[in-house]
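Engineer: The lines below spell out each chain.
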Amino acid sequence: MATLSTFDVLALRREFPILQQQVNGKPLAFLDSGASSQKPRCVIEALDDYYRRYNANVHRGVYKLSEEATFAYERARGKVARFIGASSKREVIFTRNTTEAINLVAYAWGGANIRAGDRILLTMMEHHSNIVPWQMLAQRTGATLDYIGIDAEGRLCLDDLEQKLTPGVKLLAVTQQSNVLGTINPVALLAERAHAVGAKILIDGAQSVPHMPVDVRALGCDFLAFSGHKMCGPTGIGVLWARREILEAMPPFLGGGSMIEVVDLESSTYAGVPARFEAGTPAIGEAIALGEACDFLAGIGMDSIFQHEQELLGHALDRLASVEGLHIIGPHTTEQRGAALSFTLEGVHPHDVAAILDGEGVAVRAGHHCTQPLHRFYDVPATTRASFYIYNTAEEVDRLAAGLEKARKLFQ
Amino acid sequence: MDDMYREQILEHSKHPHNFGTLEEPSVSREEFNPLCGDRVRMDLQITDGVITDVRFSGRGCAISQASASLLTDELRGMKVEDAKVYRKEDLLELIGIPLAKNPVRLKCALLSLKALKAGLYGVGHIHDDDEEE
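Residue numbers (my numbering), protein chains in the order written: chain U, 63 to 474; chain S, 184 to 316.
So here's chain U without its partners, still in its complex pose (with noise of 0.2 Å):
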């Protein structure tokens, strides 16, 4: 395992065998770990050494190699509570990615909770993610969906929140922070809010549970939903975390083996918590690897993390302002706001400034990010994004200016 005593940049970058290629020449900057980020030798190897030493499933054999497999899948849930502070493992469930973790809370609480005429509060700022399995949810059970309001810099309407949620609301999900803007929500606030009105809070943390310090506790929400391919870990895993009450009272999302207890021709019994809401044989080595992101990040230290990725933004703030003609969208200080900074180029397409900035090394994502209602409101088709991680530095960000300049003057 890589613990780094000193978060010292140019070191962690080594840490990344695919940071050390050139891409178009060049030496690539990644400025897309808001999509997904890259891997740190110990994930590969963690992942690499389940598929070359330990190889089993889970659960079931009695043999040795099942029971180291099982051990360290058990063993990666613990460093997943034990990352997020929750209080307990068994609140911790396997899912593919945060999607995954989302619909299931859409299906099985959802299913049991939401009756037609509730109401679920979202925001004007969701993913795509934090949208449709609501709208599905709603159209299966005639509940209503509301949008929390967001003002010109993309923070939410505090007004439009008092408005909204109301009794009636049964529940309100959020991110925590937007994957376009950036804005960091105040989530443990909207969580006292939401518990005034006996609302449930769901939180996304796809975007903030990578970059900053999370304690679900502290928070005080209900539910919390994250991606393990977004915080050094492998694709295919990612995390529902929930109360243990409420994972307690909720009934199964997906039926098949590892999820039962009796199972008789006409109906079953099921497991208990967690193993309730893992159907199937889960992604064993990549919660492994994602046990393994978890040590990693806590051992450089979420707080230096976000400390670093602030620093970061503050010197991307200040170089992108004096781009001409590009407009940031989101918050313009880094005042609880994360390190994703989306843009447009007057004159300039996003798919163009990204193949420029390709062109120059520097990999960045252009479109709309998953969040259409989020576009329509800035009344932009798309956006370029460049997001930032650990291991980026500010010769990276300026590397981005330098990119962004060519552009604007290719197509003056």
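Any given hint might turn out to be false.
Said to hold, decoys possible - Derived lysine-lysine pairs resembling DSSO-like cross-links, with alpha carbons at most 30 Å apart:
| no. | chain 1 | residue 1 | chain 2 | residue 2 |
| --- | --- | --- | --- | --- |
| 1 | U | Lys88 | S | Lys284 |
| 2 | U | Lys88 | S | Lys197 |
| 3 | U | Lys471 | S | Lys300 |
| 4 | U | Lys468 | S | Lys262 |
| 5 | S | Lys267 | U | Lys468 |
What the hints assert, rightly or not - Quick list of simulated restraints, FRET-style, between CB atoms:
| no. | chain 1 | residue 1 | chain 2 | residue 2 | range |
| --- | --- | --- | --- | --- | --- |
| 6 | U | Pro89 | S | Glu272 | 32 to 38 Å |
| 7 | U | Leu207 | S | Glu272 | 41 to 47 Å |
| 8 | S | Glu194 | U | Glu408 | 15 to 21 Å |
| 9 | U | Gln201 | S | Arg189 | 44 to 50 Å |
| 10 | U | Thr343 | S | Glu194 | 52 to 58 Å |
| 11 | S | Glu213 | U | Glu408 | 33 to 39 Å |
| 12 | S | Thr230 | U | Glu408 | 36 to 42 Å |
| 13 | S | Asp231 | U | Pro435 | 52 to 58 Å |
If you're looking for bench data, these hints aren't it; they were derived computationally from the structure. Built from N, CA and C at the ideal position, the CB exists for glycine as well.
The hints should help you fit chain S onto chain U, whose structure is shown.
Structural biologist: Only chain S this time, still in chain U's reference frame:
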């Protein structure tokens, strides 16, 4: 990258030909790329089986706009029967940039052709050949 932004593409994207809409088009069709939010609408005036006038509108990247601009130049005066079987390879040759290994930008380049075909065949939705890529 430098191959992609050749003079012709930049010129057509900055000053597209046949940009706009027709007052009473015989065929009008808008297609949408959900990956990037780009839209291209094709308006055609058809008289006696011939495309007598054509306009495109919408917003998108330089590749999608230049491609639509080049395609509309081709279409004016073309028989509807020929337009219906206009091949994507022909349009790509016209665009003249290497996109074969770039499925994402290929979708941009072919958005106008998709609108044309969907409009002429009058179908609800045309699947890309490369949808699975």
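Engineer: Mind checking the alpha carbons of Lys471(U) and Lys300(S) for me, to see if they're no more than 30 Å apart?
Structural biologist: violated (35 Å)
Engineer: Is the straight-line distance between the alpha-carbon of Lys468(U) and that of Lys262(S) 30 Å or less?
Structural biologist: Status violated; Cα separation ~42 Å.
Engineer: Do the beta carbons of Thr230(S) and Glu408(U) sit within 36 to 42 Å of each other?
Structural biologist: Hint holds: Cβ distance 40 Å, inside 36 to 42 Å.
Engineer: Are the Cα positions of Lys88(U) and Lys197(S) separated by 30 Å at most?
Structural biologist: holds (29 Å)
Engineer: Starting from the range 44 to 50 Å, see whether the pair Gln201(U) and Arg189(S) falls in it by beta-carbon distance.
Structural biologist: Once the Cβ atoms are compared, 48 Å apart, the range 44 to 50 Å for Arg189(S) and Gln201(U) holds.
Engineer: Assuming the hint says 52 to 58 Å, is it satisfied by the Cβ distance from Thr343(U) to Glu194(S) or not?
Structural biologist: 56 Å Cβ-Cβ, so the 52 to 58 Å window holds.
Engineer: Taking the beta carbons of Glu213(S) and Glu408(U), is their distance inside 33 to 39 Å?
Structural biologist: violated (24 Å)
Engineer: Is 15 to 21 Å right for how far apart the beta carbons of Glu194(S) and Glu408(U) are?
Structural biologist: holds (19 Å)
Engineer: Given the hint of 41 to 47 Å, is the C-beta distance from Leu207(U) to Glu272(S) inside that range or not?
Structural biologist: For Glu272(S) against Leu207(U), whose Cβ atoms are near 45 Å apart, the range 41 to 47 Å holds.
Engineer: CB of Asp231(S) to CB of Pro435(U), is that within 52 to 58 Å?
Structural biologist: violated (45 Å)
Engineer: When you check the alpha-carbon spacing of Lys88(U) and Lys284(S), does it fall within 30 Å?
Structural biologist: Holds, at roughly 20 Å.
Engineer: Hinted pair, alpha-carbon criterion (30 Å max): Lys267(S), Lys468(U). Please report holds or violated.
Structural biologist: violated (40 Å)
Checked against the numbered hints given earlier, this structure breaks hints 3, 4, 5, 11, 13; the rest are met.
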